[in-house]
Amino acid sequence: MQGGIRPEWNYVTYLTFPNLFITHAGLQDPSYRATAGVHIFCRLDQQGYLAKQVTRFSTGQGEKKGKGITTRVLLFHDRNLANDEYSRKSLQKRAENMTTVVAANRNSMEYVLWQDMTPKNLDFFFRDTQFSGGSWHRYKAVEAFDFDREDAAVAFLDRHRDKITENGWRRYGRLRVRVSNIKFHASTP
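Those letters in the sequence shown? Residues 1087 to 1275, per this note's numbering, in order.
In short, the hints are calculated from the structure, not lab data.
Hints may contain errors.
FRET-style restraints, in silico, Cβ to Cβ [stated by the list, open to error]: (1) Arg1192 to Pro1116: 45 to 53 Å; (2) Ala1189 to Asp1209: 20 to 28 Å; (3) Ile1108 to Thr1186: 46 to 54 Å; (4) Gln1133 to Phe1210: 32 to 40 Å; (5) Asp1170 to Asp1248: 43 to 51 Å; (6) Tyr1118 to Gly1146: 36 to 44 Å; (7) Val1240 to Gln1139: 39 to 47 Å; (8) Ser1117 to Arg1247: 46 to 54 Å; (9) Asp1209 to Ala1241: 13 to 21 Å; (10) Asp1170 to Ser1218: 18 to 26 Å.
The calculated DSBU-like cross-link candidates involving lysine-lysine, where the alpha carbons are at most 35 Å apart (straight line), are [to be verified]: (11) Lys1249 to Lys1206; (12) Lys1249 to Lys1138; (13) Lys1179 to Lys1206; (14) Lys1175 to Lys1138; (15) Lys1206 to Lys1175; (16) Lys1179 to Lys1138; (17) Lys1249 to Lys1175; (18) Lys1206 to Lys1138; (19) Lys1249 to Lys1179.
None of the values given here were measured: they were computed from a predicted structure.
Just so you know, even glycine gets a beta-carbon here, dropped at the ideal spot from N, CA and C.
Let's have the full structure, built from the sequences with the hints guiding it.
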């Protein structure tokens, strides 16, 4: 997408937890802590993001869980400053606008908007875990657009670039675009 930045990432991992309390408690659980050091499943220079779902819209064009490859476009909204956040009102407006765009596109399967909820004190939250390194406060929002084919995703981005960037929405933070072909292995709530 013109104006977007394509990160040089090899992988994007999605983990779903019911809430931050359970996540923190699990990381501090003695049985997890006894074995966590022997399981290297993340890079220490990772870029992380803990978020809550603001909206999810599905066109109902097919169930993606376990049914082959889905192309997912991820838009990561960079922070300009450490305290840079989207207001609830601006996120709701964004969700409404993008839901309208996705609903009108016959090749779109799903749209999701997440808002950053990463605790500010990560030294406490991730204490003595593999997640204590890396960058966890870089993004203030992430959006996902799902398609059944990569060419449909590219056409969507080309056709709706101005709407997606709101003719300069990027001035509130750069957009990092990640297009991936993913296979869904497990259902998420």
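Okay, the hints, checked on the actual structure:
At about 52 Å, the CB distance of Arg1192 to Pro1116 agrees with the hint of 45 to 53 Å. As the Cβ distance of Ala1189 to Asp1209 is approximately 43 Å, the hint placing it in 20 to 28 Å is violated. Between Ile1108 and Thr1186 the Cβ separation comes to about 34 Å, which falls outside the hinted range of 46 to 54 Å. Range check, Gln1133 to Phe1210: about 20 Å between beta-carbon atoms, so the 32 to 40 Å window is missed.
In this structure, Asp1170 and Asp1248 break the distance hint of 43 to 51 Å, their C-beta atoms being roughly 23 Å apart. Restraint check, Tyr1118 to Gly1146: a C-beta distance of roughly 38 Å satisfies the suggested window 36 to 44 Å. The beta-carbon spacing between Val1240 and Gln1139, approximately 26 Å, falls outside the hinted interval of 39 to 47 Å. The supplied range of 46 to 54 Å is met by Ser1117 and Arg1247, whose beta-carbon atoms lie about 48 Å from each other.
Take Asp1209 and Ala1241: their Cβ atoms lie about 45 Å apart, and the range 13 to 21 Å is violated. Checked against the given bound of 18 to 26 Å, the beta carbons of Asp1170 and Ser1218, roughly 23 Å apart, stay inside it. Restraint check for Lys1249 and Lys1206: the C-alpha separation of about 32 Å stays at or below 35 Å, so the hint holds. With a C-alpha separation of about 24 Å, the suggested pairing of Lys1249 with Lys1138 holds against the 35 Å cut-off.
For the hint pairing Lys1179 with Lys1206, the CA-to-CA distance comes to about 26 Å; that is within 35 Å, so the pair holds. Under the criterion of a C-alpha separation no larger than 35 Å, the hint pairing Lys1175 with Lys1138 is consistent with the structure, at around 15 Å. The hinted pair formed by Lys1206 and Lys1175 meets the criterion: a straight-line CA distance of about 22 Å does not exceed 35 Å. Distance restraint check for Lys1179 and Lys1138: the Cα-Cα separation of roughly 17 Å lies within the 35 Å cut-off, and the hinted pair is therefore satisfied.
Pair hint Lys1249 plus Lys1175 holds up; C-alpha atoms about 18 Å apart against a cutoff of 35 Å. Simply put, Lys1206 and Lys1138 have alpha-carbon atoms about 15 Å apart, close enough for the 35 Å limit, and the pair holds. Taken as a hint, the Lys1249 and Lys1179 pair is honoured in the structure, with Cα atoms around 13 Å apart against an allowance of 35 Å.
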